[in-house]
Amino acid sequence: MPELVVENIKKSFHGTAVLEDINFTVADGEFFTLLGPSGCGKSTTLSCVAGLETPDSGTIRVGDQVFFDGTPHHTVPPEGRNLGLVFQSYALWPHMTIADNLALPLKLRKVTKEERRRLIDDALAKVDMAHLRDRYPHQLSGGQQQRVALARGIVYSPGVLLLDEPLSNLDAKMRDQARVWLKDLQREVGITTVYVTHDQVEAMSLSDRIAVFMHGRLQQVGTPTEIYETPATPEVAGFIGRCNLLEGRVGSTEGGTVQVELGTTGQRLKVAGTGSAGTSATVGLRSERITLTDRADAPHDGAVNVLRARIEQCSYTGARFEYELSVGDLRVHAESPVRHTAGEINLLIRPEDCLLYPAAD
1 MPELVVENIK
11 KSFHGTAVLE
21 DINFTVADGE
31 FFTLLGPSGC
41 GKSTTLSCVA
51 GLETPDSGTI
61 RVGDQVFFDG
71 TPHHTVPPEG
81 RNLGLVFQSY
91 ALWPHMTIAD
101 NLALPLKLRK
111 VTKEERRRLI
121 DDALAKVDMA
131 HLRDRYPHQL
141 SGGQQQRVAL
151 ARGIVYSPGV
161 LLLDEPLSNL
171 DAKMRDQARV
181 WLKDLQREVG
191 ITTVYVTHDQ
201 VEAMSLSDRI
211 AVFMHGRLQQ
221 VGTPTEIYET
231 PATPEVAGFI
241 GRCNLLEGRV
251 GSTEGGTVQV
261 ELGTTGQRLK
271 VAGTGSAGTS
281 ATVGLRSERI
291 TLTDRADAPH
301 DGAVNVLRAR
311 IEQCSYTGAR
321 FEYELSVGDL
331 RVHAESPVRH
341 TAGEINLLIR
351 PEDCLLYPAA
361 D
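Here the sequence shown is numbered in this note's numbering, starting from 1 and rising by one per residue.
Because the hints were derived from the structure by calculation, they are not lab data. Values in this document were obtained by computation on a predicted structure and should not be read as measured data. Glycine residues also receive a C-beta, built at the ideal position from the N, C-alpha and C atoms. Hints are not guaranteed to be accurate.
[What the hints assert, rightly or not] What follows is a list of derived Cβ distance ranges for each label pair:
| # | residue 1 | residue 2 | range |
| --- | --- | --- | --- |
| 1 | 352 | 319 | 23 to 29 Å |
| 2 | 13 | 329 | 39 to 45 Å |
| 3 | 184 | 113 | 26 to 32 Å |
Please model the complete structure; the sequences and the hints are all you need to start from.
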C-alpha cells in the first residue's frame, strides 16, 4: 500500500481560512487519525484528500500519483483516486441488498461478474457479514450497517482508506466493540488508513499516530503516548484526557526546575522545565497524576509538591471518585480510587508530572 503525503494545504470558504499550512505524511499501512473538536478542519482535510473539496494551494499525492499540485488544471477527480471512503451516515442504498451495495463500485470499475462475486465474498467475510449478504440495510442493526459500509470501502482494494467519524452513530458499548474489530481488520488488510474523529479515546486506542487539529491548524503529530505525555501546547493538553491548566508566574529557577506561583493562591508548584523569572506560564496537570491525602503529615521536603485544597464536589463513577477542588481562586479536577470526605485536603504532585508552558513572546 502506498503512503499519503499532504504538503502545505490551505483552504478558505468565503474568505475565511479553514485550513492553514497542513503538512503530514501517512506511512504505508499506518493507521493515522485526524483528531480535534468540531469545526477544527479535520473533515475538510479528509475531503481535500478524497477530492470532494479542492484546496486553494498545496500538494496531495498517494505514492507516485499526484492528486493535486496547487494548480487548478491538475486536480484528479474523486473517481480517479482509488480511495475507499466510509461516512458517518454509512450511505448504503436502501433498495439494494448488502451484496448489491458492494457490487456497485465494482461494476463502475468494469469488474467481471465472477470476480465481483469473489471480491464481495472476501470483503463480507473480513467483516463477518457473509451470512447476511442477501439482506437489505433496514434489516440490519447500526453496527451491522457500519460493517457493510466498511466492507464496501475495501472491496476494490483502494490505495488508502478514508474514514469520517464512522462510529459516531453507535451507542457507547457498540463503539467499544467496533474499535476492537476495526483495528483488527485494518491490521489484517494492511491498508493505509486516515481516520477522522473528535473522540480522544477512539484516537488513542486505534491510532499508530495522531494529528491534532485546532482552529484550522495542525498543532501536533505524534504517537498516542507522545500526544498524551508531552502535548506540544496547552490546547492539546486540555483536549486530550482531563488536564488542569493552571495560570501562574515563574518565580525562582534552579537545576532544570522552576517554581511557579499559582494565581493569587500564595502557593507554588515546583515544575520540571525552564523559564524566565517574572514571566507568565501555564502549568498542565493531569487529573490522575494528583494524589489526594487528608493526612496532616504530608511531606514538605520539596521532592513532592503539596498544595492545600478544599473539596467542593465528589462524584462516584464506579471505577473511581472524581473531585472538583478549589486551590485559592483556581479550580482543580482530580481522580482517586479512595473517597475523601474532609473539607480540606492535601494534593501531592510530583514535579515531573507537571507540564510547563511558558507564555509566548
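Cross-check of the supplied hints:
1. 352 to 319: 23 to 29 Å: Check passed, 25 Å falls within 23 to 29 Å.
2. 13 to 329: 39 to 45 Å: holds, 40 Å
3. 184 to 113: 26 to 32 Å: holds, 31 Å
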